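*Asks:* With the sequences and hints as input, model every part of the structure.
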Amino acid sequence: MLKILCQQSEKDVAGIIIVYYRVMDYDMCRIDYFISGITYPDTLKILPSQGQKLEQKVVVGDKTGVLQCLTIRDEEPVIQFKTLPGKPITAVQLTSTNGTQPDKIFAASGNEVKGYTKKGKVFFSIETALSEPVTSILYVSRCVFGGDLILCSGRTITFYRDSKEHQSYVCKDRVLDMAAFITPNNAKVRLLLLIAHKGAGILENGHLVAHIAISSGPSRLATPPVAQVAEIKCFYGAADGSVGIITYEETTLSNNCLVEGRGLGSVVCLGWFYSNANLHLAVGRNDGSVQLYLIDVENLHLKPRLKFTYFSGEPVTSVVGGCVGTDEGELLVATFSGRIFALRSKFLIAGSVTKASHENLAARRSKLEIEIVRLEKQTANEREKYQRNSRSLQAGLSTPPLLDIEHKMSGATREGWQEVDITLAVPLDMLFIYCSKKLKLLTDSAAVLSVCSSQDSASDLLATVRCQAGTRRIWLRLRVASTNSTVLESTRVLIYALPTGAPRVARLLSIKLPALPYYSQHEEFDENNDHSIKSWCQLHVTGGFSVAEMTFWLSDILPGDLPRPASNVAFLRVHSLLGTKLYCQYQRGSAVFKSNNISTVSSVRSIISNCSIDKRIRVEISCDIPDDCCLKSFKLIENIISIAYEKKNQVTLAKALDLLELDTKAINAEKPVLCKEYYTVLKNSESEILQSNFDELIEIVVQWYLDWRSLSVNGNNTVDQSNKLCALLKDYKLDDVTKVLSELTEFNHTCE
Amino acid sequence: MNVSTVQPVFKLELNHKVNPGIVTLAKYDGTHACLTASAGYDKIIIHHPHVGAISGRAQRSENHREISELNLSQAVIALAAGPLRPDTNRDILLIGSPTQILAYDVHDNSDLFFKEAPDGVNVIVAGSFGKYTKTLAIVGGNSSVLGLTWEGNEAFWNVVGGKVTAMITFDFDRDGESELIVGSEDSFIRVLKDNQFVAEIAETGPVVCLSVISDVRFAYGLANGTIGIYEDGVRLWRVKSKQNAISLQWSGEALACCWSNGRVDWRDGSSGRVLRRVQMRASAAAMLLADYRALGTPDLVCVSVRGEVLGYSPTQESSGFNDTTKNPATEEDRLAITELLNKKQALMLELQHYEANAASAVMPDLEDDRPTTAMPTNTRLQVAVVHSLDEGCLNLAISTNNETIVRAALILAEGIFESGETLARHPPLSQIRPILHVPLHPPRDVPVDVHIKALVGYPNSEQYHIFEMTKQLPRFAMYTMNYNATNRINYNSSYVTFQITERLQRICIWANQNFLLENELELNSEDAKEFHVNLTCLRDQSTLDMNFNVDGNVKITTSDMRLAGDLVQSLAVFLNLTDLKSTANFVEAEKKLREEMENASQAGEMRSRLAAETAERAQLITALLPAAQDAASYDLKEMLNRYKEVVMLNEELIAACHVRRATQEHAVASLKTLHTILQQAARLRVGKYSKAVVSASRNAVKENNVEALIKIIQVGESL
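For the record, the sequence lines run as chains A and B.
When the letters of the first sequence are read in order and numbered with the numbering used here, they come out as residues 1 to 752.
When the letters of the second sequence are read in order and numbered with the numbering used here, they come out as residues 1 to 719.
Hints were generated in silico from the structure; no laboratory data involved.
Mixed in with the good hints there might be a few duds.
[Claimed, not checked] Once the Cα atoms are required to be at most 25 Å apart in a straight line, the calculated SDA-like pairs of lysine to any residue come out as:
(1) A:438 / B:428
(2) A:437 / B:343
(3) B:343 / A:365
[As the list claims (entries may be wrong)] Covered stretches of chain A, going by a simulated chain B footprint (3 or more residues, C-beta under 8 Å):
(4) 27 to 36
(5) 362 to 373
(6) 381 to 389
(7) 442 to 451
(8) 506 to 513
(9) 565 to 578
[Said to hold, decoys possible] With beta-carbon atoms standing in for the labels, derived distance ranges:
(10) B:332 / A:646: 54 to 64 Å
(11) A:373 / B:332: 50 to 60 Å
(12) A:442 / B:627: 52 to 62 Å
(13) B:699 / A:442: 50 to 60 Å
(14) A:458 / B:449: 24 to 34 Å
(15) B:390 / A:494: 23 to 33 Å
These numbers were taken from a predicted model, which means no experiment stands behind them.
The beta-carbon is built from N, C-alpha and C at its ideal position, and this holds for glycine as well.
*Replies:* Shown next, in the form of C-alpha cells:
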C-alpha cells in the first residue's frame with residue numbers, strides 16, 4: 001500500500017524559516033515576486049533601464065533550462081519572453097554588443113551558449129567543442145568582451161572570436177569565477193581568475209602573469225561599478241564567509257581581507273545595490289543570509305560597514321540591485337529552490353502605498369489563492385491516480401526525478417572533524433546516516449541527533465538527524481572514532497535525505513572520509529626553489545599502474561578534488577593543523593611522495609600497498625627516511641605544541657575558577673578579587689569555549705617516533721622509549737624531548 | 001510560519017547566580033510579590049522591590065540593594081510559598097533540603113514547622129485539593145507524596161511509582177474538586193483523588209514540569225524535550241525539542257514555554273504552533289507568573305541563571321520591527337502572498353513527481369537501464385509483528401510484495417529504545433532482501449505507537465521510496481501465547497485471586513485487545529465453564545497464567561507482582577470496576593519486604609549514631625580553631641600542632657561524611673524498594689480497597705510492623 005501519511009506535527013515548528021530582521025541602519029522587508037526552477041549561482045540579472053522608462057527587466061535562468069525575462073508591474077510578474085526547457089542553465093550574463101548599455105543576454109546550458117536580444121530573439125548560438133566532455137562542465141561562467149566570447153568550463157578557459165575558438169588556457173584547478181579588465185593602452189583583455197582551492201590569478205594573452213594564494217578560499221568576484229578602467233580592483237567573497245578585495249598593480253596581485261567571515265555561511269553570490277546614491281555590496285550566503293555592506297567609493301580598501309542582514313531560510317544564489325518594482329532601488333534575491341523576491345526599504349513601502357496599489361495587492365493575493373485551490377485539486381487527482389496505480393496488477397515503473405540536493409565536503413580542521421554541507425530545494429525531515437565503522441557525529445543545534453543502537457555487528461553506526469520544520473540546509477560533522485590514531489583506509493558514509501512532504505522519496509548521498517583528512521590545504525610549489533624538500537622522507541612507488549589508478553588510490557587518502565589525470569601530475573598539500581607538507585608527483589608506472597611528516601609517509605605507504613593488492617597490481621615500494629626527520633618535524637611544530645599547552649592550562653584553570661562560583665561582584669567590582677591572569681582566563685572562558693588539542697599533538701609526535709622506528713629500523717623495544725617520550729611530552733619538557741629525539745636517532749646510528 | 005519577537009516590559013538584574021528550577025514568588029506581606037530564589041548551595045535570595053528590607057534572619061545583600069539573603073546550613077532543593085496559616089493571608093516560605101522541610105514565615109521571622117522527610121524532598125507545592133480545604137504543603141519525595149498542614153502534621157501520604165518530579169493541583173475529572181496531579185521519573189502522570197490514584201497517563205520520559213492552563217487543560221513537559229497539552233485526559237498536541245523545558249505557563253492566551261537554553265516561546269494552545277519567541281542572554285532558571293509591576297495582571301517573569309529577570313506582558317501590543325500599524329492590510333497581504341507561494345512551490349513539486357511517473361509508466365522494464373530512482377508502481381509494504389521467543393523480543397517484519405528490496409527501516413517510537421528515539425536497520429549489501437526484520441524490546445507494559453519509515457527500491461538505487469506506517473502495540477505485547485499443552489502446568493506459587501461478575505465473553509474481548517495474539521481468542525462454546533490463558537513473557541521467559549471461572553473467580557498466576565497489578569488495573573478499567581478486593585500471594589515480594597524493612601531500620605540507627613559522632617567532632621573543631629588562632633600570637637610551634645589537629649579532625653569529618661552519604665543512599669534505596677512493593681500491592685486492588693492498602697501500610701511502616709505489612713500485601717488490610 002502506497003500510503004502518504006499526514007504526519008503528526010511532532011517537531012518543533014519553530015524554525016530557521018523565521019523571517020526576522022536585524023536592523024542596522026536599514027529596515028527592509030520582503031516582497032515575493034515569483035517562482036522559478038532551481039537556480040545556480042548568479043543566474044539572476046537585471047537589465048538596465050531603457051530610455052525614459054525607469055522600470056527594469058529581470059532575467060533568470062534555471063535548472064530546467066528555461067530562461068525567462070520579466071517585468072514587475074504592481075508587484076506582479078509580467079513575462080516578456082520565456083524559452084523552452086532544456087539543459088540546466090548554469091550561467092547568465094548581460095552584455096552590450098555596441099559598446100553602450102548592456103542589452104543582450106547570454107545564457108549557457110550544458111556546453112551550449114546562446115545569445116538573446118531583450119525581446120527574446122536568439123541572435124547567437126554556439127555549440128562549444130570543448131575537449132572536456134559534458135560531465136566536466138560543472139560550472140560555466142562566461143564573460144563577453146567586445147567581439148570576444150570567453151567561456152570557462154571546469155579548468156579550461158576558452159576565447160571565442162567570431163564564433164570560432166580563438167585561444168584557450170587550462171588552469172591547475174577548477175575556475176570558480178572570472179572578471180575581465182581592459183588594459184589601459186591597448187585593447188587587450190586581462191582576466192582575473194578565481195581558481196579552486198584558494199588561488200587567484202591574472203591571465204593575459206593566454207599566460208598566467210600573476211598569481212596569489214588566498215587562504216580564505218575566494219569563490220565569487222564582483223567588480224565595483226565605480227572603478228577606473230585602468231585599475232584592476234575586484235571584491236571577492238570567500239568560502240569561509242569573509243569578504244575582501246583583490247588588487248593588481250604593477251604586475252603584483254595583492255589581497256586585502258575586509259570583513260572577517262566569523263561564523264557566517266560561505267559566500268555564494270555578490271551583487272551591487274544603490275540606495276540613496278550610496279553604493280552597497282550585497283552578499284548572499286549559503287546559510288540563507290543576505291547582507292548589505294556600505295562601500296566607500298573613494299577608498300575601496302576601507303572596511304565596509306554592515307548595514308542590513310536578512311535571513312531567508314534557504315541558500316541564496318543571486319543578489320542584484322535595481323529598480324524593478326518601483327522607481328526606487330531594491331535588492332532582488334534568488335534562492336536555490338527558485339524563490340525570487342525583493343528586499344525593499346520599509347520607508348519606501350509606506351510612502352508608495354496608494355489605494356490603487358493596495359487593491360492590486362489584494363487582487364494578486366486572491367488570484368494566487370484561486371491558483372492554489374486549482375493546484376490542490378490537481379494534485380489531489382494525481383495523487384489518487386498514483387495510489388490507484390499502486391493497487392493495479394499491471395506494474396508500471398515509477399521513476400520520480402532525483403531530489404535536488406547538493407552536498408559539499410570540506411577538509412578536516414581540528415581533531416579530524418570533516419564537515420558535510422547539504423543543501424536541498426525541499427524542506428528536510430530527516431537524515432539517516434549509516435557507516436560500517438563507528439563515527440563521531442555533530443550537527444546543527446537546531447536538529448536532533450539520535451544515535452541508534454547498532455545492528456548485529458556492533459561496529460557500525462546508525463544515526464538519525466531530525467530537522468526543524470523548513471530546514472533546507474544542514475551541516476554534519478563527521479569523524480572516524482577509532483582507537484588507534486592511524487586510519488589505513490577511507491571510510492564510506494551513506495546519508496539518506498528524507499524530505500518532509502511529497503514526493504515521498506529518500507535520496508542517497510554517498511561520501512568518502514579520506515584516511516588523511518587534514519591535508520586539505522593546497523600550496524604552490526616550486527621544486528627548484530625549495531631546498532628543504534631534499535631532507536624530507538620519501539616514498540617511491542613503481543609498478544604497472546596508470547595515472548587514473550593512482551588518482552583513485554589517492555582519493556582514499558586525501559580530501560577534496562584531486563587534479564585530473566594527466567601525463568605527469570604534481571601537487572603539494574599542507575596539513576591544516578600542523579603545517580606539515582605532502583608532495584605528490586606521479587606518472588604512469590611511477591610515483592614519488594615526499595613529506596616532512598613521517599606518519600603521513602607511513603600511511604600513504606600502507607594504503608597504496610593495500611590498494612594495489614586489491615587491484616592485483618604489482619608495485620614496488622621503497623622508502624627513504626632521514627634519521628633526523630622526527631626531530632626536524634618536532635622543531636617545526638614546537639610552537640604549536642606550546643600554544644596548545646598554554647591553552648590546556650587555561651582550560652584547567654577556567655574549570656577550577658568556574659567551580660568557585662564567584663558571584664558577579666567578585667568579577668566585576670573595582671577592587672578585583674582575582675589576579676589579572678585569572679581574571680582574563682575567566683573572561684575568556686565566558687566568551688568562548690576553550691579547547692586544547694594538546695593530547696592530540698602528543699599522540700602525533702609519539703606516532704612519528706613509532707613510524708620512524710618501523711620504517712627505518714625494524715623496531716623492537718619501542719614501547720619503553722615511546723612511553724618515555726610520551727611522559728616527557730605530557731610534562732611539557734620540550735627541551736628533554738628534543739634531547740631524547742636526537743639521542744634516539746644517534747643511538748640508532750650506532751646500532752646500525 | 002511567521003514568528004515575531006517580543007519586547008520585555010521590564011528588566012532587572014539580581015546580581016546573583018540563580019539555581020535553575022529553584023525559584024518561587026511569594027507575597028510575604030500578603031500583597032507584594034517577592035521573587036525568591038536559591039543562589040548557590042545553601043543561600044536563598046529574596047528580591048523585594050516593593051517592600052522595605054526584610055528584617056530577621058535575612059541579611060541585606062552586598063550586591064543588590066533590594067535583595068536580602070537567607071543562609072541555611074543545608075542545600076536548598078526546592079522552594080515554594082503559599083498562605084499556609086489559616087489566620088493570615090501572608091505567604092509562608094517552604095524550603096526543602098535533602099531530608100528536611102522547613103516552613104518559614106519571612107514577615108514574622110518565625111518557623112512554622114520543621115519536619116524530617118525520610119523519603120527525601122524533590123518538589124514542594126502549596127495548594128489545596130479534594131477534601132482538604134486549607135492550603136497544604138505538599139511534598140514530593142523519592143517514591144511518595146506527603147501532605148502537611150500548617151502545623152506540620154501529616155494530612156495524607158501515598159506511594160508513587162518513581163521519584164516525584166512535578167506536581168500541580170487541578171480539577172482533572174471536572175467534578176468541581178481539585179485533584180493532585182503527580183508527574184514522576186518513571187514516566188507517568190498520575191492523578192491522586194481522595195488519596196487514591198484514579199488515573200494514570202503513560203508518557204515517554206520523566207515528567208519535569210506540569211502547569212494548569214484552564215479548568216480542562218494542563219500542560220506537561222518531559223525530560224526528553226517533549227511538551228504538550230492534555231485536555232480532559234486526552235493529549236491535544238505535543239512537540240519535541242532538543243532542549244528541556246524548564247517551565248510552562250499560560251500567559252496571554254498562549255502557552256509560554258521556557259527552555260533550558262534560555263529560549264522562551266509562546267505557542268498556540270490548540271495546535272502548539274509557535275506564535276512569538278525570545279531568546280534570553282543566558283540559560284533559563286525559571287519562568288513564573290507574577291504581578292510584579294503591581295498592575296493587577298500577572299506578567300510572565302523569566303529568570304536566567306545569571307540573575308537577569310525579564311518581564312513580559314500577557315497582552316502583546318505589536319511592537320518591534322514587524323510594525324504593521326501603518327499599513328496592516330498591505331503587510332498582511334504580502335505575508336500571505338509569501339505563504340501562498342510557499343504552498344505553490346510545494347504543490348508544483350509534488351505534481352512534477354507524479355508527472356514523471358505518468359511519463360515513465362510505459363517504459364520497458366529492463367534490468368540494465370533501469371533508472372536509479374525506479375520502483376514498480378504497484379509496490380506495497382506489509383508490516384507484521386511476531387513474537388520471537390528465542391531472541392526474547394518482538395520482531396517487526398517489514399516486507400514488499402515484489403522484487404524490490406527494503407534498503408533501510410527507521411522505527412520511531414518513544415520510550416522503547418535504549419538510546420535515542422529511533423531504531424534503524426540498514427542491512428549490508430549482501431543481505432538486502434524484500435523483507436527486513438527489526439527486533440523491538442519494549443521495556444514496560446504500556447501501549448506503544450510505532451512509526452515505521454521504510455526505504456524501498458532496488459539494490460542499486462540512488463533514490464528510494466519512503467513508505468510510512470504506524471503500528472500500535474497493545475499493552476501486553478511482550479507476552480506470547482503458549483499453545484503447547486505441556487507448558488500449561490505452572491509451578492509458580494505466586495498469584496492473585498479476586499472475584500468479578502462479568503461474562504467470559506467480555507473477558508475474551510479484553511484479552512484480544514490487550515495482548516498481541518496470532519489468532520483471536522475464542523471461547524470454546526457459548527456456555528464455557530472457564531476461560532484459561534497461558535502466556536510466556538518474552539523478557540525473562542517467565543510464565544503468566546490467567547484463569548477466569550464462569551462463577552467470576554479469577555486467578556492470575558505470575559511471579560511478577562507489578563505485572564499482576566497492571567493486569568488488575570487494565571481489567572478494572574475495561575470492565576469499569578469501581579472497587580475490587582483481592583487476595584495475593586507473592587513470596588518473593590514478601591521476602592524482599594522483610595529485607596528492606598530490616599535495612600531501613602538499620603540505616604535509621606546508623607544514621608543517628610553517625611550524626612551524633614559528627615556533631616561531636618564539629619564541636620571540637622569549633623573549639624580548636626580559635627585556640628590555634630590564639631596560639632599564633634605567642635607560640636608558632638603550638639599553633640602548628642593545633643592546626644594539625646584541626647586538619648586531622650577535618651579529615652575524619654570528611655570520611656564520616658562519606659560514610660553518612662553512603663548510608664543515606666542505601667536507606668533511600670531501601671525505602672524506595674519498600675514503597676514500590678507497597679504501591680504494587682495497592683495496584684492489586686481497585687478503589688477503596690486500594691486506598692485501604694496505602695493507609696494501612698503507612699501505619700504498619702510507622703510502627704515497623706513487618707508482619708502486618710505482609711498481611712496487607714496478602715489480603716489488602718492488616719486485620
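*Asks:* The stretch 27 to 36 of chain A covered by chain B? Criterion: 3 or more residues, Cβ-Cβ distance below 8 Å.
*Replies:* holds (count 7)
*Asks:* Between the beta carbons of residue 332 of chain B and residue 646 of chain A, is the distance compatible with 54 to 64 Å?
*Replies:* The hint (54 to 64 Å, Cβ to Cβ) holds, given that residue 332 of chain B and residue 646 of chain A are roughly 57 Å apart.
*Asks:* Mind checking the hinted window 50 to 60 Å against the Cβ distance between residue 699 of chain B and residue 442 of chain A?
*Replies:* holds, 56 Å
*Asks:* Does residue 365 of chain A sit within 25 Å of residue 343 of chain B, going by the straight-line distance between their CA atoms?
*Replies:* The hint holds at about 13 Å.
*Asks:* Cut-off 8 Å, C-beta pairs, minimum 3 residues; does the coverage of the stretch 362 to 373 of chain A by chain B stand?
*Replies:* With 7 residues in contact (Cβ-Cβ under 8 Å with chain B), the coverage given for the stretch 362 to 373 of chain A holds.
*Asks:* Within the stretch 381 to 389 of chain A, is the number of residues with a Cβ closer than 8 Å to a Cβ of chain B three or more?
*Replies:* It holds, with 5 qualifying residues against the three required.
*Asks:* Quick one: are residue 373 of chain A and residue 332 of chain B within 50 to 60 Å, going by C-beta?
*Replies:* Distance hint for residue 373 of chain A, residue 332 of chain B is violated at roughly 19 Å.
*Asks:* Can you confirm whether chain B covers the stretch 442 to 451 of chain A, using C-beta to C-beta distances below 8 Å and requiring at least three such residues?
*Replies:* Holds: 6 residues of the stretch 442 to 451 of chain A have a Cβ under 8 Å from chain B.
*Asks:* Measuring from beta carbon to beta carbon, are residue 390 of chain B and residue 494 of chain A in 23 to 33 Å?
*Replies:* holds, 31 Å
*Asks:* Just to be sure I understand the hint, the distance between the Cβ atoms of residue 442 of chain A and residue 627 of chain B should be within 52 to 62 Å; is that true here?
*Replies:* holds, 57 Å
*Asks:* Taking a Cβ-to-Cβ distance below 8 Å as contact, does the stretch 565 to 578 of chain A have at least three residues touching chain B?
*Replies:* violated (count 0)
*Asks:* Take a quick look at whether residue 438 of chain A and residue 428 of chain B sit within 25 Å of each other, Cα to Cα.
*Replies:* Measuring from Cα to Cα gives roughly 15 Å; hence the hint holds.
Comparing the model with each numbered hint stated earlier shows that hints 2, 9, 11 do not hold.
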